[in-house]
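Work out the full structure: start from the sequences and follow the hints.
Chain by chain, the residues run as shown.
2 protein chains.
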Amino acid sequence: MKKTPEEYMRLALDEAELAYQENEVPIGAIVVLNDEVIGRGHNKRESTSLVTSHAEIEAIKEASKKIGSWKLDNAEIYVTIEPCPMCSYAIIDSHMKKLYYGAKDLKRGAVSKLDIFNQNLGKKVLVCGNILEEESREIMERFFKDLRKK
Amino acid sequence: MKKTPEEYMRLALDEAELAYQENEVPIGAIVVLNDEVIGRGHNKRESTSLVTSHAEIEAIKEASKKIGSWKLDNAEIYVTIEPCPMCSYAIIDSHMKKLYYGAKDLKRGAVSKLDIFNQNLGKKVLVCGNILEEESREIMERFFKDLRKK
Chain A
2 MKKTPEEYMR LALDEAELAY QENEVPIGAI VVLNDEVIGR GHNKRESTSL VTSHAEIEAI
62 KEASKKIGSW KLDNAEIYVT IEPCPMCSYA IIDSHMKKLY YGAKDLKRGA VSKLDIFNQN
122 LGKKVLVCGN ILEEESREIM ERFFKDLRKK
Chain B
2 MKKTPEEYMR LALDEAELAY QENEVPIGAI VVLNDEVIGR GHNKRESTSL VTSHAEIEAI
62 KEASKKIGSW KLDNAEIYVT IEPCPMCSYA IIDSHMKKLY YGAKDLKRGA VSKLDIFNQN
122 LGKKVLVCGN ILEEESREIM ERFFKDLRKK
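Taken in sequence, the protein lines are chains A and B. To convert, count from 1 in the first sequence and add 1; that's our numbering. To convert, count from 1 in the second sequence and add 1; that's our numbering.
Be aware that a few hints might be false.
Treat identical chains as interchangeable: a pair holds within one or across any two.
[Stated by the list, open to error] Heads up, simulated BS3-like pairs for lysine-lysine below, C-alpha to C-alpha not over 27 Å straight-line:
| hint | residue 1 | residue 2 |
| --- | --- | --- |
| 1 | Lys-108 | Lys-3 |
| 2 | Lys-72 | Lys-108 |
| 3 | Lys-99 | Lys-4 |
| 4 | Lys-105 | Lys-124 |
| 5 | Lys-114 | Lys-3 |
| 6 | Lys-151 | Lys-3 |
| 7 | Lys-3 | Lys-72 |
| 8 | Lys-108 | Lys-150 |
| 9 | Lys-98 | Lys-45 |
| 10 | Lys-114 | Lys-4 |
| 11 | Lys-99 | Lys-146 |
| 12 | Lys-99 | Lys-151 |
| 13 | Lys-125 | Lys-66 |
| 14 | Lys-114 | Lys-66 |
| 15 | Lys-4 | Lys-151 |
| 16 | Lys-146 | Lys-67 |
| 17 | Lys-3 | Lys-98 |
| 18 | Lys-66 | Lys-150 |
| 19 | Lys-151 | Lys-124 |
| 20 | Lys-72 | Lys-4 |
| 21 | Lys-99 | Lys-150 |
| 22 | Lys-124 | Lys-67 |
| 23 | Lys-146 | Lys-66 |
Quick caveat, the hints were computed from the structure, so don't treat them as lab data. Computed from a predicted structure; not experimentally measured.
Shown next, in the form of structure tokens:
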């Protein structure tokens, strides 16, 4: 059954919560194709020791395994924080049609810093921000507050 | 023993040749730390079905496994073709100090299209282009010429 963008973002927030519990920067993502969740992921850079283990890449990897291709035409991705340039280009280059994100990342977000989705780097990706923005930001603030206490 | 940039790029070209033999877009990369090659990679997107399987990411993954961290401070990366935004940000975010590339990619290269290494997205990466540029371009042209014949 088709969900609203907020309902899908709630699933991405569940992934962010898993990252939080694993002491990873709490960002989560899901990939949806034809109203079905085909990939889930959360940031696990510390546990994998890989720079690419961002939530979006983890979700994209799971989705690609599921459908057997790096081309995710017509898929949508939901991510709790505005993606960095690495993840943004992975979204463009896997031919996804739409990106929904929660809170902005003014320091390294590729929408805010580079307007990357309007640079003719590949197929057009529609971008929709500020979905469950407050919750997406709150879990990040909670994580970094905890970290400063330690 | 310390090699010249051209000698290191020759190793990246060896990786590109492996990709060529595997019917993958022939791009190769190596990661060097303290004059030692700690990662090698070539494009294998078709065989892995993963959008992230660019040469640079494969080389970075191998390097990170070798040193047990996603932080590759002071490492250098050599890649036969100017990196895309995904790989460029992986280079920035893994704290590498220098990028050497062979031929430009005017369509989706992140140096040419976004000037990505001068956008204050993280630590400063020095960039040096046109190392064995002709050989790096020639193997790409050969690949796409073969492809059109098929």
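Do the hints match the structure? See the list:
1. Lys-108 x Lys-3: neither (34 Å within a copy, 37 Å between copies)
2. Lys-72 x Lys-108: between (29 Å within a copy, 19 Å between copies)
3. Lys-99 x Lys-4: within (15 Å within a copy, 45 Å between copies)
4. Lys-105 x Lys-124: both (23 Å within a copy, 21 Å between copies)
5. Lys-114 x Lys-3: neither (32 Å within a copy, 37 Å between copies)
6. Lys-151 x Lys-3: neither (42 Å within a copy, 42 Å between copies)
7. Lys-3 x Lys-72: Within. Shortest intra-copy distance 22 Å satisfies the 27 Å Cα cut-off; inter-copy 40 Å does not.
8. Lys-108 x Lys-150: within (23 Å within a copy, 46 Å between copies)
9. Lys-98 x Lys-45: Classified as both; 25 Å inside a copy, 24 Å across copies.
10. Lys-114 x Lys-4: neither (30 Å within a copy, 37 Å between copies)
11. Lys-99 x Lys-146: neither (32 Å within a copy, 33 Å between copies)
12. Lys-99 x Lys-151: neither (38 Å within a copy, 34 Å between copies)
13. Lys-125 x Lys-66: Only inside one copy: Lys-125 and Lys-66 sit 23 Å apart there, 35 Å across copies, limit 27 Å.
14. Lys-114 x Lys-66: neither (31 Å within a copy, 30 Å between copies)
15. Lys-4 x Lys-151: Close neither inside one copy (39 Å) nor across copies (44 Å); limit 27 Å.
16. Lys-146 x Lys-67: neither (37 Å within a copy, 32 Å between copies)
17. Lys-3 x Lys-98: within (17 Å within a copy, 46 Å between copies)
18. Lys-66 x Lys-150: neither (39 Å within a copy, 30 Å between copies)
19. Lys-151 x Lys-124: between (44 Å within a copy, 25 Å between copies)
20. Lys-72 x Lys-4: Classified as within: same-chain Cα gap 23 Å, cross-chain 38 Å, threshold 27 Å.
21. Lys-99 x Lys-150: neither (38 Å within a copy, 35 Å between copies)
22. Lys-124 x Lys-67: within (22 Å within a copy, 36 Å between copies)
23. Lys-146 x Lys-66: neither (36 Å within a copy, 30 Å between copies)
Hint compliance for this structure: hints 1, 5, 6, 10, 11, 12, 14, 15, 16, 18, 21 and 23 are broken, all remaining hints hold.
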